[in-house]
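2 protein chains.
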Amino acid sequence: MAPSYKVIYFNFTGRGEPIRMILTYGGIPFEDSRFEMTEWPKVKPTTPLGQVPILEIDGKRYTQTMPICRYLGRLLKIDGKDMLEDMAIDSAVEIIWDILKIAYERAMGGGNEEKKKQLLDKLHEQMPVLLGKFEEDTKKNGFIATNKLSWADLVFLCGYEDMENLLAGENPFAKYPHLQKLKNKLLENKNIKEYLLKRPTNTMMTAYNLKNDLK
Amino acid sequence: MAPSYKVIYFNFTGRGEPIRMILTYGGIPFEDSRFEMTEWPKVKPTTPLGQVPILEIDGKRYTQTMPICRYLGRLLKIDGKDMLEDMAIDSAVEIIWDILKIAYERAMGGGNEEKKKQLLDKLHEQMPVLLGKFEEDTKKNGFIATNKLSWADLVFLCGYEDMENLLAGENPFAKYPHLQKLKNKLLENKNIKEYLLKRPTNTMMTAYNLKNDLK
Numbered sequence: 001m002a003p004s005y006k007v008i009y010f011n012f013t014g015r016g017e018p019i020r021m022i023l024t025y026g027g028i029p030f031e032d033s034r035f036e037m038t039e040w041p042k043v044k045p046t047t048p049l050g051q052v053p054i055l056e057i058d059g060k061r062y063t064q065t066m067p068i069c070r071y072l073g074r075l076l077k078i079d080g081k082d083m084l085e086d087m088a089i090d091s092a093v094e095i096i097w098d099i100l101k102i103a104y105e106r107a108m109g110g111g112n113e114e115k116k117k118q119l120l121d122k123l124h125e126q127m128p129v130l131l132g133k134f135e136e137d138t139k140k141n142g143f144i145a146t147n148k149l150s151w152a153d154l155v156f157l158c159g160y161e162d163m164e165n166l167l168a169g170e171n172p173f174a175k176y177p178h179l180q181k182l183k184n185k186l187l188e189n190k191n192i193k194e195y196l197l198k199r200p201t202n203t204m205m206t207a208y209n210l211k212n213d214l215k
Numbered sequence: 001m002a003p004s005y006k007v008i009y010f011n012f013t014g015r016g017e018p019i020r021m022i023l024t025y026g027g028i029p030f031e032d033s034r035f036e037m038t039e040w041p042k043v044k045p046t047t048p049l050g051q052v053p054i055l056e057i058d059g060k061r062y063t064q065t066m067p068i069c070r071y072l073g074r075l076l077k078i079d080g081k082d083m084l085e086d087m088a089i090d091s092a093v094e095i096i097w098d099i100l101k102i103a104y105e106r107a108m109g110g111g112n113e114e115k116k117k118q119l120l121d122k123l124h125e126q127m128p129v130l131l132g133k134f135e136e137d138t139k140k141n142g143f144i145a146t147n148k149l150s151w152a153d154l155v156f157l158c159g160y161e162d163m164e165n166l167l168a169g170e171n172p173f174a175k176y177p178h179l180q181k182l183k184n185k186l187l188e189n190k191n192i193k194e195y196l197l198k199r200p201t202n203t204m205m206t207a208y209n210l211k212n213d214l215k
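Each protein sequence line maps, in turn, to chains A and B. The opening position of the first sequence corresponds to residue 1 in the working numbering, with each subsequent residue numbered one higher. The opening position of the second sequence corresponds to residue 1 in the working numbering, with each subsequent residue numbered one higher.
Some hints could be false.
The list treats identical chains as one, so a pair stands whether inside a single copy or across any two.
What the hints assert, rightly or not - Derived DSS-like pairs: lysine-lysine, alpha-carbon spacing no greater than 25 Å straight-line: (1) Lys44 <-> Lys101; (2) Lys81 <-> Lys115; (3) Lys44 <-> Lys77; (4) Lys133 <-> Lys60; (5) Lys133 <-> Lys6; (6) Lys77 <-> Lys175; (7) Lys60 <-> Lys140; (8) Lys101 <-> Lys122; (9) Lys175 <-> Lys81; (10) Lys117 <-> Lys101; (11) Lys117 <-> Lys198; (12) Lys185 <-> Lys148; (13) Lys175 <-> Lys140; (14) Lys116 <-> Lys139; (15) Lys42 <-> Lys77; (16) Lys60 <-> Lys139; (17) Lys60 <-> Lys190; (18) Lys116 <-> Lys101; (19) Lys44 <-> Lys117; (20) Lys44 <-> Lys115; (21) Lys115 <-> Lys101; (22) Lys44 <-> Lys185; (23) Lys183 <-> Lys140.
Read the hints as simulated data drawn from the structure, not as lab findings.
Build out the structure end to end from the sequences listed, making use of the hints.
Shown next, in the form of structure tokens:
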């Protein structure tokens, strides 16, 4: 019998969405267990390490987003064709998360305007280098990390949505037509389309929703 | 012919040391190319993404510490016996780095005492949970992530040294006898011993050196 999967995370994209997106792409049914921020103090003590997301596989709990995504990517065979390609995928994913983490830290930076300014400057310094690299690679190979779709592309798709929200008004991908094209290509996937149409509304980040770009 | 390896990083432990440590453990000769902090502005423009560490394999450059460490771990067959074990290894490594990143952020927090206090509080909240988990796992299995030595243990060894420095005076592993035992066991490795004895002095973190614990 196929194992049963359950994703436990906030009713939010962030660290949970890449797990949901990879399961979705792979056509693996999963229970999408979401809770609101206000429920976190109640949920936290029930988690193994005080952290979400959690992926349950047949009731056994796994934590840490990227290790889970890598596992699922390998399971679905959307990993690299060899160890060097796997390293390229891992590296792309790390870069996407490094940028996202700065953007999230800025968004959650509380009232400290000076710190937020510093983080925005850091983003503006790093994005042209890192997104520029991805743009170049995608132009050449059609995908973020390798020359066929990998789980890094699905992590990128989630990152695309979050960046559009975290930098709402800045149009962070305007200068990267091949990254936009990749995003649109991924949105043609039937499973992803269906998921985006039925996904609960992310009430915390409403400026941009991948759903808007569905054809 | 065996490929040639070169590690480019600050004359410092941090993100470079796990790469050096895994190469060392595996008995893979590498050029240990170190530079001082003051030289960074000169080095930075020569790097692919403005980042170090870099691993060169036959002159081809790879960035991002953990993807490199994972690649080397697989190459040396100190990875998991299956995909679930690989996920356990990846997850342990992420946790080690999450703790370290908070500790580093605190150390480099500039003059902002309030922020530093917040980060120390966060460390004191998370360490008992996360190190407690490792202590329990290590007590049961002898190693951090699986029941035989994996590259996660070598990342842990580097993390151990950095935490002892970043929290000098706090004795962060005092409550975790099995983690201390693991550290001592790893220090019995002949390659590691030799490396620690000849390694250039880390002038930025001098409170603790793994070398002191060699038998």
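Tested hints:
1. Lys44 <-> Lys101: For Lys44 and Lys101, both the intra-copy (21 Å) and inter-copy (22 Å) Cα distances are at most 25 Å.
2. Lys81 <-> Lys115: For Lys81 and Lys115, the Cα distance exceeds 25 Å both inside one copy (42 Å) and across copies (44 Å).
3. Lys44 <-> Lys77: neither (33 Å within a copy, 36 Å between copies)
4. Lys133 <-> Lys60: Only across copies: Lys133 and Lys60 sit 16 Å apart there, 38 Å inside one copy, limit 25 Å.
5. Lys133 <-> Lys6: between (35 Å within a copy, 23 Å between copies)
6. Lys77 <-> Lys175: neither (32 Å within a copy, 42 Å between copies)
7. Lys60 <-> Lys140: Result: close only across copies, 18 Å inter versus 41 Å intra.
8. Lys101 <-> Lys122: both (11 Å within a copy, 17 Å between copies)
9. Lys175 <-> Lys81: neither (30 Å within a copy, 44 Å between copies)
10. Lys117 <-> Lys101: Intra 15 Å, inter 21 Å, cutoff 25 Å: intra and inter.
11. Lys117 <-> Lys198: neither (36 Å within a copy, 43 Å between copies)
12. Lys185 <-> Lys148: This pair counts as within: shortest intra-copy Cα distance 12 Å, inter-copy 43 Å.
13. Lys175 <-> Lys140: within (16 Å within a copy, 52 Å between copies)
14. Lys116 <-> Lys139: neither (33 Å within a copy, 43 Å between copies)
15. Lys42 <-> Lys77: neither (37 Å within a copy, 42 Å between copies)
16. Lys60 <-> Lys139: between (40 Å within a copy, 21 Å between copies)
17. Lys60 <-> Lys190: So Lys60 and Lys190 fail the 25 Å test inside a copy (29 Å) and across (38 Å) alike.
18. Lys116 <-> Lys101: Classified as both: same-chain Cα gap 13 Å, cross-chain 19 Å, threshold 25 Å.
19. Lys44 <-> Lys117: Answer is between; shortest inter-copy Cα gap is 23 Å, intra-copy 31 Å.
20. Lys44 <-> Lys115: between (28 Å within a copy, 24 Å between copies)
21. Lys115 <-> Lys101: both (14 Å within a copy, 18 Å between copies)
22. Lys44 <-> Lys185: neither (37 Å within a copy, 35 Å between copies)
23. Lys183 <-> Lys140: Classified as within: same-chain Cα gap 16 Å, cross-chain 45 Å, threshold 25 Å.
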